[in-house]
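Assemble the complex: chain C is given as a structure, and chain H must be docked to it using the hints.
2 protein chains.
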Amino acid sequence: MKFGGTSVANIERIRNVAGHVRREVDAGHEIAVVVSAMSGKTNELVSWVKEAACGTRNGPVYDQREYDTVVASGEQVTSGLLALVLQNEGLAARSWQGWQLPVSTDGAHGAARIAAIDGSAIVKAFEERREIAVVSGFQGIEPLTGRISTLGRGGSDTSAVALAAAIRADRCDIYTDVDGVYTTDPRVVPKARRLDRIAFEEMLEMASLGAKVLQVRSVELAMNHKIKTYVRSSFDDPANPKPGTLICDEEDIVEQEMVTGIAFSKDEAQITLRRVADKPGVAAAIFTPLADANINVDMIIQVVSDDQLTTDITFTVPAGEYERAMVILEKARDTIGYARIAGADDVVKVSVVGVGMRSHAGVAASAFRALAQRGINIRAITTSEIKFSVLIDAAYTELAVRTLHSLYGLDKS
Amino acid sequence: MKFGGTSVANIERIRNVAGHVRREVDAGHEIAVVVSAMSGKTNELVSWVKEAACGTRNGPVYDQREYDTVVASGEQVTSGLLALVLQNEGLAARSWQGWQLPVSTDGAHGAARIAAIDGSAIVKAFEERREIAVVSGFQGIEPLTGRISTLGRGGSDTSAVALAAAIRADRCDIYTDVDGVYTTDPRVVPKARRLDRIAFEEMLEMASLGAKVLQVRSVELAMNHKIKTYVRSSFDDPANPKPGTLICDEEDIVEQEMVTGIAFSKDEAQITLRRVADKPGVAAAIFTPLADANINVDMIIQVVSDDQLTTDITFTVPAGEYERAMVILEKARDTIGYARIAGADDVVKVSVVGVGMRSHAGVAASAFRALAQRGINIRAITTSEIKFSVLIDAAYTELAVRTLHSLYGLDKS
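Protein sequences, first through last, are from chains C and H.
Its first residue numbered 1, the first sequence is counted upward by one per residue in our numbering.
Its first residue numbered 1, the second sequence is counted upward by one per residue in our numbering.
In case anyone wonders, no lab produced these hints; they're calculated from the structure.
One copy or any two copies: either way a pair holds, since identical chains are not told apart in the list.
Below, simulated EDC-like cross-link-like pairs (lysine to aspartate or glutamate); rule was C-alpha separation at most 20 Å, straight line:
1. Lys41 to Glu51
2. Lys50 to Glu12
3. Lys226 to Asp252
4. Lys50 to Glu89
5. Lys228 to Asp179
6. Lys212 to Asp185
7. Lys266 to Glu323
8. Lys228 to Glu30
9. Lys124 to Asp170
Owing to the predicted nature of the structure, the values given are computational and were not obtained by experimental measurement.
Just chain C, with the same shape it has in the complex:
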């Protein structure tokens, strides 16, 4: 069971968490709980780090190992408090920090990846004392240096799934402030429906494409280790919880629809290079300097220019990297050889996801027609086996999402 920051925001909310834990214990389960920092605490700690590190000497660069030491304290507090609340309810419980289990990570402090989790102490405590493990999420230890590491924001989901794999859990329940995964964002489409089940691959696409229910890395881990993962609400009455959404193998979903959900991401910016010489090595000339600057390029389209001799190359980058990317490309103008550079950051990527697309042709084509009928211009398209994405003007986001949600029959209950 994993509980995020809003689910443990204060002691009253932590008592509610204990209610959910008790229900599962009463149902005969052995439980490990992964917790985040109380909501707001991580932001407070991060702001102190930035204030401490801001100065003339190092600029915005600071020692990520100290960042991790400071920020990991947030989860430490929650784990101790939940253990106390569970004990107070008469349940055996103890807190575990990342370094105590240990949760071993690589040395990429601030955004570390879990290398291994030793869950043996937790399993032993279950067996000997039926003791509930309350584990601080988001954190681990770099075993060579013995320093505290953190997985980066949202890393507690990953901690939970990795721990579930380590102790061979039957399932991993991620409690959050929504009651499951929806066909699309209900704030945009009021008719959006909660999905009972979604395939790992679909969830991975949805998470990558802007649905913020689960961290991408946690879905990858769940898929690789085949951990049945429930997304459910911690705000339910613990005695009478709603079902949530099960993320599972494709084969476990009996009635698979063609389209499962519509995701969208406003965190996109488009860059177009006009009249690029159509010769070998030009793609490398464009994308190598961006890669060197750690800027992730997503949709790439190449079309013949008006002059029939050169090509126009359009691609997207994260909105936060837009200005940096423009500067890099302007500097590389002579190396690349282009006539003009243009960009836009008022764009949105709308994606249609569903494993059913594998066996159905024409799914994307119907979307292009429907969007055209609404006068929505498509700036770029990418497709993969189980999804396709269109880049459009941000002003049309809601219209496009609603149009596609209806088109694929997701409105019907």
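Chain H in isolation, oriented as in the chain C frame:
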């Protein structure tokens, strides 16, 4: 160098701490810094623990191991932040948690005692990289269980002195919100003077008797390991600090006065049992049940009662234990055999401290006369080699302290 909670209350104050550290580094010293939690943080964490543990099942009793896990996070934050600020000033620095060095303690969670500190990693880092160690005070690890332990409130002073002993430091500077040890509380006696030096034994008495500058345990440790300890102000200009007070061996104080200081403690309550049978074993009957309840008995006076057949026994207990002690003694009335019980918690213990008393007779007698001349009734007296204490009505506290301060020539500068 040790900095308490008010000295690290926010990033601005932590930058000021870094200024003190830089001055000592520039003077050619190798530095380890021990830090407390930012002021207010420990109280916040403790209040959450109490809220988490307060319920019908366990009452006010809770798992001290979880308390330690939660509360130790406060120092963890400060150590990381100070390391970042020092790095930002161009100094090599890193944070160390209790479990990382390790600081090994016994298993008395919530009030643990340090068993050993391994300072070798700190010394190595000094030598190899001139790296300043920023150590979280107040915390350690219980090595058998691997759980985080804390030393109890004020324990950071003890951490600092114990670390100074472990790394064979030349001295231990305790930075606090006062600029040294005074002849008495300057809020009571405006003429109170800062002492340049005070002997370990005197400081131990002053700390035990109510002067709150240093924790008693830290003075004991400093005395046992002969660690020269400075008490000084973190609120000074780092570039131009005031001297503070050196706590040192008696032999290092050239001009020893007869009396060094006047301490007083309002944390006292008096209990008198009237007409106790004057027979063997009666003291055990009174004090054993109190000891069993962990109530510390201090001043004890036994005088023959009015009836010349029985005795009256008067003693003091900490004010916070007064009501509990009264209940225990009323329950034990038949076992003890007394006629009446009386108590008062509006009393104060005033103590006169000075190693010079060893070689001067009549020091206490002059105090009794001076207090009698002011009409102050003495309820009880205790003496030891280097101090004597009188128990008086709390209303006379200021008058008594000022009277004694003048009497022993402490007013003169």
